[in-house]
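Engineer: These protein sequence lines map, in sequence, to chains A, B, C and D. Mind the numbering: the first sequence is residues 14 to 516 in the numbering used here, read in order. Mind the numbering: the second sequence is residues 14 to 516 in the numbering used here, read in order. Mind the numbering: the third sequence is residues 173 to 339 in the numbering used here, read in order. Mind the numbering: the fourth sequence is residues 173 to 339 in the numbering used here, read in order.
You may find that some hints are simply not true.
Said to hold, decoys possible - The calculated lysine to aspartate or glutamate pairs, modelled on DMTMM-like cross-linking and capped at a C-alpha distance of 20 Å, are:
# : chain 1 : residue 1 : chain 2 : residue 2
1 : A       : Lys18     : B       : Asp376
2 : A       : Lys74     : A       : Glu85
3 : A       : Lys88     : A       : Glu334
4 : B       : Lys18     : A       : Glu85
5 : B       : Lys465    : D       : Glu246
As the list claims (entries may be wrong) - Derived list of chain D stretches under chain A, where covered just means 3 residues or more per stretch with a C-beta under 8 Å from a C-beta of chain A:
# : stretch
6 : 209–217
7 : 222–229
Said to hold, decoys possible - Which chain C residues face chain B? A few, computed with CB under 10 Å, are given here:
#  : residue
8  : Asp182
9  : Val183
10 : Asp209
11 : Arg211
12 : Arg212
13 : Arg226
Please keep in mind that the hints were generated in silico from the structure rather than gathered at the bench. Ideal Cβ placement from N, Cα and C applies to all residues, glycine included.
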Amino acid sequence: MKPRKIRTLLVANRGEIALRVMRTCREMGIRTVAVYSDADAWAPHVQVADEAHRLGPPPAKESYLRGDLILEAAKKSGADAVHPGYGFLSENAEFGRMCAKAGVAFVGPRAESIDAIGNKVHARQLAKKAGVPTVPGLDRAIGPKDDAGAIAAGIGFPVLIKAAAGGGGRGMRVVREAKDVERNVREAGNEAAGAFGDGSVFLERYVERPRHIEIQVFGDSAGNVVHLNERECSIQRRHQKLIEEGPSPVVDAALRAEMGRTAIRLAKAVGYVSAGTLEFLLDAGGKFYFLEMNTRLQVEHPVTEMITGTDLVKAQILVAEGAKLPWTQDDLAPRGHAIEARITAEDPFANFAPGGGTILGLDAPSGPHTRWDCGVEAGGTISMFYDSMIAKLICWGRDRAEAIERLRRALSELVIVGVPTLVPFHLHLLADPRFRAGNFHTGFVENEFSMKGIDRPHLDEAAAIVAALEYRRRRQETPEAGPGPAAGPSPWKSQALREGLRG
Amino acid sequence: MKPRKIRTLLVANRGEIALRVMRTCREMGIRTVAVYSDADAWAPHVQVADEAHRLGPPPAKESYLRGDLILEAAKKSGADAVHPGYGFLSENAEFGRMCAKAGVAFVGPRAESIDAIGNKVHARQLAKKAGVPTVPGLDRAIGPKDDAGAIAAGIGFPVLIKAAAGGGGRGMRVVREAKDVERNVREAGNEAAGAFGDGSVFLERYVERPRHIEIQVFGDSAGNVVHLNERECSIQRRHQKLIEEGPSPVVDAALRAEMGRTAIRLAKAVGYVSAGTLEFLLDAGGKFYFLEMNTRLQVEHPVTEMITGTDLVKAQILVAEGAKLPWTQDDLAPRGHAIEARITAEDPFANFAPGGGTILGLDAPSGPHTRWDCGVEAGGTISMFYDSMIAKLICWGRDRAEAIERLRRALSELVIVGVPTLVPFHLHLLADPRFRAGNFHTGFVENEFSMKGIDRPHLDEAAAIVAALEYRRRRQETPEAGPGPAAGPSPWKSQALREGLRG
Amino acid sequence: MKLTVRHGDDVFTVEVAESDGGYTVSNGGRTWHVRLDDRRGAIRTAVTDNGRHRVGVARRGESWELVLDGISYEFTARDTRFEKLLALGAARSGAAGRAEIRAPIPGLITTVLRNPGDPVAEGEPVLVLAAMKLENEIRSPRAGKLVEVRAKAGAAVEKGELLAVVE
Amino acid sequence: MKLTVRHGDDVFTVEVAESDGGYTVSNGGRTWHVRLDDRRGAIRTAVTDNGRHRVGVARRGESWELVLDGISYEFTARDTRFEKLLALGAARSGAAGRAEIRAPIPGLITTVLRNPGDPVAEGEPVLVLAAMKLENEIRSPRAGKLVEVRAKAGAAVEKGELLAVVE
């Protein structure tokens, strides 16, 4: 790639990650172009951009996944680069090639790297070649002629059936007995075909009570690769991460260095450029196994930014311009501890059911060592067309205990009205002694932690407050009660506020 | 002091600093008690506290300066400690003694330290004894029998007349000729008497084009003292700081170490406990002179917290409990650069005239390495009874340039409706090449930097937007124009919002 | 004033009155003192005997949403006289044997698993509603016969929309 | 619709009309296309030919406060017909020789420096208004005689309150 400065960047995404990318662009003096579906016509990422282009109707397939329309918008706006964010087209090698053909820089890895390592089966093969430990299993997709049961028996039960493409737990099944293998392979294949357009699945040993540890790596086009330490993402539910933190409470300096070296080796094997993440399973004995590589910026990248004092999006842009990495490995030793809570519109009291709607009120946390990355605003909508992410709240502390207490404090400041949120889950989890001791694994939330028995502790108090509100409302709306809604100790203030809201 | 855990802490302050102290308390599991004047009955610091007590009418003398009422509230609420914030009673040794008598821990230095070094004349004497360089001048207050003109001539013109008590530029005058000395000493004395209840003034050489560099120190009751590097506060106007940053662009590691050692020596000389700041003048030749010591937490402490990864309020509380310092000197090397912009309700286009009023709208900045410490909320009031501080915005960057660009970006996200703010000043200053080159001094804003010629650049665009707003308003309010204010593409949303606002 | 405040199956019948710049809410045994700030926004402060709370407040038609310590509560609050009228109406309708299946969240119907006339068991999935990248099985609340299926695969539905009726 | 938009001494007489989901504002020579988001809050987005702006918007009686790039503008916007009526009224009042001194900010009067009947020069301090820990000298806008002094030391005054009259 020839070095050239990016002057205008199109962000092919929405929500908090689009805003986050635009913030860095603004700091770098780069013009920003937003794209949007009809559901997002006045969404925050559209408001903040210097220019904005409509893509199409709300469904992602007709808007944010339409690479052709996105490149049309890039052409119209004179954008010389596209940042894909995460999700949508971020790991789509074909889109990367379309960008290259259109003469627009793709802020991410080369398409060949995505091809080489984005598929989990290929990634396993590459890892073996590079001497990176993987979970014992089949290094290719299961074919129609394979005896899946026999293969599973060879690997040893329990086995995990996984889709070669995609992620997020789709097409993933644990099988503990030979008789269940055939049926589950078939069903997982169908699920994967429906979700990713690719029905191939493979098998590997199921590691019991593992921790999800991932290593952030970063490469430049000169072939330099560094790692930015690990993130621990074992607090998840149905393979959706809920809390991420770094460093991991169970990774010491020696293990960190070893995992880092391993991750760099694999990234170098594919000539990896830009930000990427290698996911590992860490078993109870401290052995780690490479799982897969995410060839994009992760949702949880702020954890790494806080402990290393970096701006990963800035580095992505610099590297896309052809520059060398802005850091050496020595610059990247972690300081303190950071922890992120995903704030999604899901109701932890109703089995995490997603709940869309209009955000009627939003009070954001702030203060010392507290970061708030939010994609919506009061008056905006959590739409059923996209994921239920509202915001990410990330806190830093001198040590893990301080970071956890700071996150609890920040969560206590957060008020969202209009949709249910994960906040009660987070508050409960952060108070759990097992979590605080660092004693958990990827199945912890689903199998060992429960929201039962803490069902809405303030119910009677809340009812009393509602009664007072309703009483006041009735008094104010009834003519005989007094001078109307502006009554109260500060009528002028209310008046000014209403006028401000009228215009 | 006998070690004892603080369980309930009363914050004898208001606004952003009260909130900031309460945040740390919440993180430490300490109950918080707010006090308030009638002007602050529902202010944010009152809303956030676990308990709140009224002090009295709005004027500070009848509320936040009433140590007796504050201690009464402490007794009622069972508070075992008081944090004074900055301003108000924070450097009042008498209040410290009242706390001790009432058996309530004062989170700050011992009263004797405030006595010993809080007075500028005493501080100069102490500094000389400790071998700390001071500006040449008179080491005592001027008496009625002194020939002030002759003393000034002996020191050498220009001379600076300063009040022995207090700060903020009150009672401070530069005199360049012998004939003006007598009159100015008299006037400065009157001003000081009115402001601080102590009319004593002294004289020192006026250092031309100096930089204001201050060293943050911290001591514990075991006699350990560390420094937390310098802050550069030369961007000021009428001795009110506007922008603070750290490290200083002109302090290198050797000078930092030397100033740090000097500051520690002086702090140890008074047995200093808790957070304190030593102010120095740095002349163009790189020589530094001790000016005075602030025996409290400073407004600009977040700059230090961001570069050192600390929580100074937490450390204050730990030390007040009798604990040793939570860090060694080696833990406190600065990482990167932090810069703070004070957001006050002052109009930079009208000679910085303060403008109170109701905050009708407030959009706060957030995102990577961005800290927002705010004391008001939409619907709240900037009252004429207190200072005009709305909030502080602090950004961190890997280097000074990155921190500055991040602060510009964050400022561009900030919208405050209802009162004028310093935001246009900050945006203009941060773009100034002299500022960006680090080439400035304490007189820079008043003498070399000007807001003239940049008078409201978007005037015609703003007028066009107002015309569109007014047009829409008239269309919506006129019955023949259509279905009324709920018209538009999303009537349901507007409806829901109005209902949400009604209750 | 006497109010009935409901949250799901929980019912609070309370007497509310003004007192001392705030409100007294009593529920027979227990009495709460509540003070509210006088702003109009969706986020306010409520002071109770239990402490000071930053609460979210929204009113939509008959119901209140209250957010307290991050937890969202949906209440209805009615004058008890009105409540009695409603109870009277419900008794008359005689629809006790009928159960409606409504969309619990807005979403897209991806699959309709049962046809009108089919017998269903309690808890048996009737259709699949996709929302926010997850598929949710919508189950029958009781055993009976599907007398009506309004849901169509591919259709977007609003929260509360009638999908099917079991008798 | 024809509007007169004023900011201090600057006057914009513009023609405004709806166009293409937004508004066209033309000022004889220059034309702006303005689109506004449809939320009701005090902070909105305005899209002009010059870019996209997050603006603060508040209306208080006849005037608009608009905040753009951190800069606060105070405008009045009137129908030009109304504007003509006002001009007519002002011409009739004949108060051209009279200047009112009003409080530019809310504050406390700390000192009244001149008495009724005193002659004052243009720019001469008449009283001192303390606000936000600073003392502000309030000066006479023109030379003349103080015919009225309403300000009293120690009194709190609102913004815009009449303090003195010079003729």
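Engineer: Take the shortest C-beta to C-beta distance between Arg211 of chain C and chain B; is it under 10 Å?
Structural biologist: This hint holds: Arg211 of chain C lies near chain B, its Cβ roughly 5 Å from the closest one there, short of 10 Å.
Engineer: May I ask you to test the interface hint for Arg212 of chain C with respect to chain B, counting a Cβ-Cβ separation under 10 Å as satisfied?
Structural biologist: holds (5 Å)
Engineer: Do three or more residues from the stretch 209–217 of chain D put their C-beta atoms closer than 8 Å to C-beta atoms of chain A?
Structural biologist: That given contact holds, which follows from 7 residues of the stretch 209–217 of chain D lying within Cβ reach (below 8 Å) of chain A.
Engineer: Let me know if the C-beta of Asp182 of chain C comes in closer than 10 Å to any C-beta of chain B, holds or violated.
Structural biologist: Violated. Min distance 21 Å.
Engineer: Compare the distance between the alpha carbons of Lys18 of chain B and Glu85 of chain A with 20 Å, and conclude whether the hinted pair is satisfied.
Structural biologist: Status violated; Cα separation ~64 Å.
Engineer: A closest beta-carbon separation below 10 Å is what the hint needs, so does Arg226 of chain C meet it against chain B?
Structural biologist: The hint holds - Arg226 of chain C has a Cβ within 10 Å of chain B, the shortest such distance being about 6 Å.
Engineer: Does the alpha-carbon distance linking Lys18 of chain A and Asp376 of chain B stay inside the 20 Å limit?
Structural biologist: violated (32 Å)
Engineer: Does Glu246 of chain D lie within 20 Å of Lys465 of chain B when you go C-alpha to C-alpha?
Structural biologist: The hint holds at about 19 Å.
Engineer: Are 3 or more residues of the stretch 222–229 of chain D near chain A, judged by a Cβ distance of less than 8 Å?
Structural biologist: Holds: 4 residues of the stretch 222–229 of chain D have a Cβ under 8 Å from chain A.
Engineer: Holds or violated: is the Cβ of Asp209 of chain C closer than 10 Å to a Cβ in chain B?
Structural biologist: It holds, given that the least Cβ distance between Asp209 of chain C and chain B is near 4 Å, below 10 Å.
Engineer: Holds or violated: Lys88 of chain A with Glu334 of chain A, Cα cutoff 20 Å?
Structural biologist: Holds, because 18 Å separates the two Cα atoms, which is no more than 20 Å.
Engineer: Against chain B, run the beta carbon of Val183 of chain C and see if the smallest gap drops under 10 Å.
Structural biologist: Hint violated; Val183 of chain C Cβ to chain B Cβ min 21 Å, cut 10 Å.
Of the numbered hints listed earlier, those contradicted by the structure are 1, 4, 8, 9.
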